[in-house]
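Trainee: Put chain B on the given structure of chain A with help from the hints.
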Amino acid sequence: MPYIPHTPDDVQAMLQAIGADSIEALFDEIPAHLKAGHGLDALPEGRGEMEVTRLMAERAEQDRFALSFLGGGAYAHHIPAAVWEIATRGEFYTAYTPYQAEASQGTLQVIYEYQTLIARLTGMDVSNASVYDGASGLAEAVLMSLRANRKSKSRKVLVPDALNPRYRSACEAIVSNQDVELVSVPFCTDAGQTLVDSLSPFEGDDYAALVISQPNYFGSLEDVDALTDWAHANGMLVIAVTNPTSLAILTPPGEWGSEGADVVVGEGQPLGVPLSSGGPYFGFMACKKKHVRQMPGRIIGRTVDMEGKQGFTLTLQAREQHIRRSKATSNICTNQGLAMTAATIYTSLLGPDGLASVAGHCHANTQKLADKLCAIDGVERAFSAPVFHEVALTLPQDADTVLARLAEKDILGGLSLAKDYSMKNAILVNSTEVHTEGDLDLFAQALKEVLA
Amino acid sequence: MSNETTLIFQHSRPGRSATAQAPKPVSEDQLSAIPASLRRKNKPGLPEVGELEVVRHYTNLSTKNFAIDKQFYPLGSCTMKYNPRGANRAAMLPGFLNRHPLAPASHSQGYLACLYELQNFLKEVTGMKGVSLAPMAGAQGEFAGVAMIRAYHEARGDDARTEILIPEAAHGTNPATAVMCGYKVREVPVGKDGDVDLEALKEACGPQTAGLMMTNPSTCGVFERQIEAISKAVHDAGGLLYYDGANLNAILGKVRPGDMGFDVIHMNLHKTFATPHGGGGPGAGPVGVSQRLLDYLPTPMAGLDEESGDYHWIDTDTLPTSIGHLSAFMGNAGVLLRAYFYAMVLGREGMIRVGEYSTLAANYLLKRLEAIGCQAAYPERRASHEFILTFAKQAKDNHVTALDIAKRLLDYNQHAPTIYFPLLVPECFLIEPTETETKEAMDDFIDAMAKILEEANTNPETVTEAPFTQPVRRLDEVKAAKELDLVWSE
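Quick note, the sequences are listed as chains A and B, same order. What the first sequence shows, in my numbering, is residues 1 to 452, in sequence order. What the second sequence shows, in my numbering, is residues 1 to 490, in sequence order.
Misleading hints may appear alongside valid ones.
Okay, the calculated bits of chain B under chain A, using three or more residues with CB under 8 Å as the criterion [claimed, not checked]: (1) 142-155; (2) 343-352.
Here are the simulated lysine-lysine pairs, DSSO-like style, with alpha carbons at most 30 Å apart [said to hold, decoys possible]: (3) B:Lys-24 <-> A:Lys-368; (4) B:Lys-202 <-> A:Lys-35; (5) A:Lys-156 <-> A:Lys-288; (6) A:Lys-309 <-> B:Lys-70; (7) B:Lys-393 <-> B:Lys-451; (8) A:Lys-290 <-> A:Lys-327; (9) B:Lys-482 <-> A:Lys-289; (10) A:Lys-290 <-> A:Lys-368; (11) B:Lys-232 <-> B:Lys-184; (12) A:Lys-309 <-> A:Lys-289; (13) A:Lys-289 <-> B:Lys-43; (14) A:Lys-409 <-> A:Lys-153; (15) B:Lys-184 <-> B:Lys-202; (16) A:Lys-35 <-> B:Lys-232; (17) A:Lys-309 <-> A:Lys-288; (18) A:Lys-288 <-> B:Lys-41; (19) A:Lys-309 <-> B:Lys-479; (20) A:Lys-35 <-> B:Lys-192; (21) A:Lys-288 <-> B:Lys-24; (22) A:Lys-327 <-> B:Lys-482; (23) A:Lys-151 <-> B:Lys-184; (24) B:Lys-451 <-> A:Lys-327; (25) A:Lys-153 <-> B:Lys-184; (26) A:Lys-289 <-> B:Lys-41; (27) A:Lys-288 <-> B:Lys-479; (28) B:Lys-192 <-> B:Lys-367; (29) A:Lys-290 <-> B:Lys-479; (30) A:Lys-409 <-> A:Lys-368; (31) B:Lys-232 <-> B:Lys-202; (32) B:Lys-70 <-> B:Lys-367; (33) B:Lys-123 <-> A:Lys-309; (34) B:Lys-70 <-> B:Lys-192; (35) A:Lys-151 <-> A:Lys-289; (36) B:Lys-43 <-> A:Lys-35; (37) A:Lys-327 <-> B:Lys-202; (38) A:Lys-153 <-> A:Lys-289.
Think of the hints as simulated: they come from the structure by calculation, not from any bench. Glycine residues also receive a C-beta, built at the ideal position from the N, C-alpha and C atoms.
The following block holds chain A by itself, in its conformation from the complex (with noise of 0.2 Å):
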């Protein structure tokens, strides 16, 4: 029996000491007629583990692809072969939830360094544990900001046009049965970026935040200073969303404008995070410390044992489910802890300087790749903003087919803004650190021969 230890003897030893006659006596309580009594058809025979990895090896190597410069909100990255190494140890694989502190300071002082690195990447005050993801974090995000700001009574928050359209779905999703609503800020369609303008007609009326994206979803960078001090002047909170490889060269959420930015959130699968299919990834979220408890998530403290000794433990549990029920800030219950370990390995692996290079590996290559693909006929810069490490072109044909020829290449040459934006001709492209100026040129040729 797959992963049954017992023996025929241990079940009838086991029966004997509860006193029944067979397995099937304990379920007399269930009423007989709602017992299956079918054979759950729908079932293939257990197999063993090699036929199953056989043929999971089949599935896993069908989805091969030669190159790929998609990105839109999870990127390639070159992963050390020791984080996930580590982070699947069974000690921290098959651990859960550190509710007895004493037998879990593993896990507890991996989430106290965890915290530590995104307030110094993000320039905040604290850190929770982690939250799902990145889009599922803005939703947590802005549900904080209506508690968090009081001046407010609001439950209308600002979000950009130009954020990730999957984060703006995804927080709808989350946040609308709260009645609260996410106005749109329309963006500069010659820029690409959400500017300081755009937002005056929404002066004088009252929102809890304004979310701000750095960068936005086509990969631009926006004036952060002066929509931080806009929006704090107009007596909303800041939600930063950022993409946390940038933050090893881009100025942090907590320096934005005078004040800094009072929530931020992000996806952080780059930092070591497979692209696997969306997930598990994790969102990180940090805030400035008056913001504290209204955040909600699993946080972790440092403090002393009985003996004097330094220890971790859970803390402010009187804001989360378990203890508060209905009255918690949310209802997660858990963090994404195996994915936020990895992160705390990549992290320490790669350090300032690491991360940094990354980070500028990403942008030039990007930069790069641009410069390759404009000089073919037609293909042009469809935004005239810096960029991070994506870029939107336009191109001189229909973008879902170009992009469905390229996959013919085994090319996945980016993202189609043709439904999310009516872009017709627009593509989002993305290059980091993992590719060869080789690589860029192949997808250049290939390009040029699809729009010949």
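Mentor: Just chain B now, kept in the frame of chain A:
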């Protein structure tokens, strides 16, 4: 066990780094397109350490954890069963790890095939009509479930339904979820035998009832025998029935939530389908629904074109009534692949055995613990896959609490069960051994409990001051909450 107490930041030395891991620095020239005003002025204070220091530090930290791979871990309602290593290897095959979430369907057929089959397996074992794998954890599955209930009532113009009913023994996530979905919560009392107070439930049902959230077997560790009457009462009032799948392991292959009358259910794959808990996550919380909620399932889902044999995504463009996306992409994909592996290895006979042997283990452990003097909270009842003990007597007679006994168990190299949950049983343990533990492992736990009960009588300090063998003694949690130290500073 390691004595590592220094933080990774304290290993930091300016100029040291894991040189093999980062590309060579780029020149300032190559960054000139980024305006100076947007550039970071000071380096972030990340640790500067070599590769060996990092590997050693985190390896040493890992040894300070209890884990299923090391100890019996009978945390009630958490289903800490063995996490097959084969599932991890399969999910970490390069083709799966490198697949971008937005890769076109042409380059996703292998992955989609796994998801499509997993959806079907879950439909079959739960008796539901449709399954979405999108929710990223149990709590998010709950959210999806209640959001679908809301969408269903709204689509019918039935907007007087403002209340969700929840038995008082329920997990805290249930009421917190109902509130996140914009509902008021009304708690329903539970009787002395662990079953819901049916009369009180009937009285609570009315035109304001949107639905009832319940776990069965309940968090009292017993099967709710009146489930059909409960189902009828809620349905007659126009409400829907939500099944919290936290305890699905108990009945897998025995009785299906769909057959009990539930309209919507979430499953915790990190419990029932043996995916790892990872020190607090990631989990996966797929949802299953009856016919009337099919149109509201969260997207994306995997679909199959029977004619061509090609798999595709079902998204909001083809299912506009869906409650939408709950994450940027499609949930915790890697967890789903691990659950798929597990389901394939178990197959249909294996699924049926899960409920049987987890129930056998729990009933064995309960009877043996009763025999050494432990008090069951519901002595007249069968255990499901878990059961509750109460140490109210020890607390009164010896001033030894459930917390003390839990801490002392750590000294005996046993992870403590869930404590002080459900809230309605004083000084309680919620114990879940799972089907993957040997009889010997359970016997060791029983021996440890016998010794602790003896110590509680003869030498209570060894219990009330425990643990003595862990990296730290009991922690000052008041100080942790009052003098917040959440981030390290030099």
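Trainee: For the pair supplied as a hint, Lys-232 (chain B) and Lys-202 (chain B), is the alpha-carbon distance within the 30 Å limit?
Mentor: holds, 10 Å
Trainee: For the pair we were handed, Lys-409 (chain A) and Lys-368 (chain A), check the Cα-Cα distance against 30 Å.
Mentor: holds, 22 Å
Trainee: Checking one constraint from the list: CA of Lys-309 (chain A) to CA of Lys-70 (chain B), max 30 Å. Satisfied?
Mentor: Distance of about 25 Å is within 30 Å: holds.
Trainee: Would the pair Lys-290 (chain A) and Lys-479 (chain B) pass a check requiring their Cα atoms to be no farther apart than 30 Å?
Mentor: holds, 18 Å
Trainee: Is the Cα-Cα distance between Lys-309 (chain A) and Lys-288 (chain A) 30 Å or less?
Mentor: holds, 28 Å
Trainee: Need the status of pair Lys-289 (chain A), Lys-43 (chain B): alpha-carbon distance at most 30 Å?
Mentor: holds, 22 Å
Trainee: Below or equal to 30 Å on CA atoms is what counts here, so check Lys-393 (chain B) against Lys-451 (chain B).
Mentor: holds, 17 Å
Trainee: For a C-alpha distance cap of 30 Å, please report whether Lys-153 (chain A) and Lys-184 (chain B) respect it.
Mentor: holds, 21 Å
Trainee: Taking a Cβ-Cβ distance under 8 Å as contact, does the segment 142-155 of chain B have three or more residues in contact with chain A?
Mentor: As far as the segment 142-155 of chain B goes, the hint holds, because 4 residues have Cβ atoms under 8 Å from chain A.
Trainee: Keeping to a limit of 30 Å between CA atoms, is the pair of Lys-43 (chain B) and Lys-35 (chain A) held or broken?
Mentor: violated, 63 Å
Trainee: Is the straight-line distance between the alpha-carbon of Lys-70 (chain B) and that of Lys-192 (chain B) 30 Å or less?
Mentor: Measuring from Cα to Cα gives roughly 37 Å; hence the hint is violated.
Trainee: Starting from Lys-309 (chain A), check that the Cα of Lys-289 (chain A) is at most 30 Å away, please.
Mentor: Given that 30 Å is the threshold and the Cα spacing comes to 25 Å, the pair holds.
Going down the numbered hints, you'll see the structure goes against 10, 14, 21, 24, 33, 34, 36, while the others check out.
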